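Working from the sequences, and respecting the hints, build out all of it.
Here the sequence shown is numbered in my numbering, starting from 2 and rising by one per residue.
Just so you know, these hints were derived from the structure itself, not from any lab.
Keep in mind it's a predicted model, so treat the numbers as computed, not measured.
A hint or two may mislead.
The list that follows gives simulated cross-link-like pairs (lysine-lysine, DSS-like), each with its CA atoms no further than 30 Å apart [stated by the list, open to error]:
(1) 244 - 49
(2) 142 - 49
(3) 216 - 244
(4) 253 - 142
(5) 156 - 216
Estimated spans, in silico, between C-beta atoms of each pair [what the hints assert, rightly or not]:
(6) 163 - 74: 42 to 52 Å
(7) 163 - 219: 47 to 57 Å
(8) 17 - 216: 42 to 52 Å
(9) 136 - 193: 16 to 26 Å
(10) 219 - 162: 43 to 53 Å
(11) 138 - 108: 14 to 24 Å
(12) 233 - 49: 23 to 33 Å
(13) 219 - 170: 38 to 48 Å
(14) 208 - 9: 17 to 27 Å
(15) 127 - 49: 38 to 48 Å
(16) 148 - 256: 36 to 46 Å
Glycine residues also receive a C-beta, built at the ideal position from the N, C-alpha and C atoms.
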Amino acid sequence: MSTLTVGHSKLMSTAEAIADIPSGVTLAVGGFGVCGIPHVLLTALASKNIKDLEAVSNNAGVDGRGLGLLLANGQLRRIVASYVGENREFARQYLEGELEVELTPQGTLAERLRAGGSGIGAFFTRTGVGTVVADGGMPWKYDSEGNVEVASPAKETREIRGETYVMEESIVADYALVRAAVADHSGNLRFHETARNFNPLAAMSGKICIVEAEKVVPVGELGADDIHLPGIFVHRLVELSEKEAVDKAIEKETVR
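Right, dumping it as structure tokens:
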């Protein structure tokens with residue numbers, strides 16, 4: 002096992018990692034439900050005096066955790082997500098005209114993030130053809146009276162091999178906030194199980210990627226085949242304390 006050290010470690014404190022995030026930017030946020038969400042980074046962001054943020058995430062967090070913290074503070078202007086059913090404050094803000102919401106099919110959202118990180122401007126998919134996803138008219142924002150103020154536009158469609166496809170634009174975020182199980186000092190990352198669903202994709206899409214890692218090891222300790230995301234995508238790295246690393250919520254607790 003290598004104990005190689007490098008002079009360009011990306012490690013820094015949480016405060017340093019988010020210090021330059023201003024109002025009005027777009028954040029790609031990793032996680033699946035409350036699994037693998039960058040809770041420490043989001044908690045720190047909730048304490049900053051910034052607002053008008055746009056969040057791109059598979060879901061909107063839950064009340065009091067994850068993106069729910071930013072929602073509670075009124076820091077979010079817009080959300081692009083595929084599932085939002087676990088957050089009462091989200092529903093209230095959306096229905097009362099305080100929040101703009103772009104709902105996107107889950108696989109399409111994943112590919113939009115991946116494409117953004119891969120330098121692909123747009124792609125064609127069959128998902129959503131014949132629905133408001135392609136035809137437009139999905140309510141993105143209501144006014145205070147409950148009327149639709151902003152609706153989704155119609156998207157370009159194209160016939161490919163006898164089937165209709167809809168064009169989806171990729172997503173490039175100003176910042177990505179993700180959580181990894183293990184990182185090395187160069188930012189190579191390994192994710193744990195379900196946390197791998199959206200964290201690598203969110204990381205790829207961010208112009209500046211900030212990672213909170215439960216464990217940080219020397220370069221070389223992660224085998225090449227054990228790296229889920231190469232450090233080329235990672236700009237800043239925060240090592241969590243033992244207490245922060247084990248603070249993991251259960252979205253829905255079911256008992257017998």
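Hint check:
1. 244 - 49: Answer holds: residue 244 to residue 49 is near 22 Å, not above 30 Å.
2. 142 - 49: holds, 26 Å
3. 216 - 244: With a Cα-Cα distance of about 12 Å, the restraint between residue 216 and residue 244 holds, given a limit of 30 Å.
4. 253 - 142: holds, 29 Å
5. 156 - 216: violated, 43 Å
6. 163 - 74: 42 to 52 Å: Roughly 50 Å apart at Cβ, these two residues keep to the hinted range, so it holds.
7. 163 - 219: 47 to 57 Å: At 54 Å between Cβs, range holds.
8. 17 - 216: 42 to 52 Å: violated, 19 Å
9. 136 - 193: 16 to 26 Å: At roughly 39 Å between Cβ atoms, residue 193 and residue 136 fall outside 16 to 26 Å, so the hint is violated.
10. 219 - 162: 43 to 53 Å: holds, 50 Å
11. 138 - 108: 14 to 24 Å: holds, 22 Å
12. 233 - 49: 23 to 33 Å: 28 Å Cβ-Cβ, so the 23 to 33 Å window holds.
13. 219 - 170: 38 to 48 Å: At 40 Å between Cβs, range holds.
14. 208 - 9: 17 to 27 Å: holds, 19 Å
15. 127 - 49: 38 to 48 Å: Check passed, 41 Å falls within 38 to 48 Å.
16. 148 - 256: 36 to 46 Å: Given about 43 Å between the Cβ atoms, the range holds.
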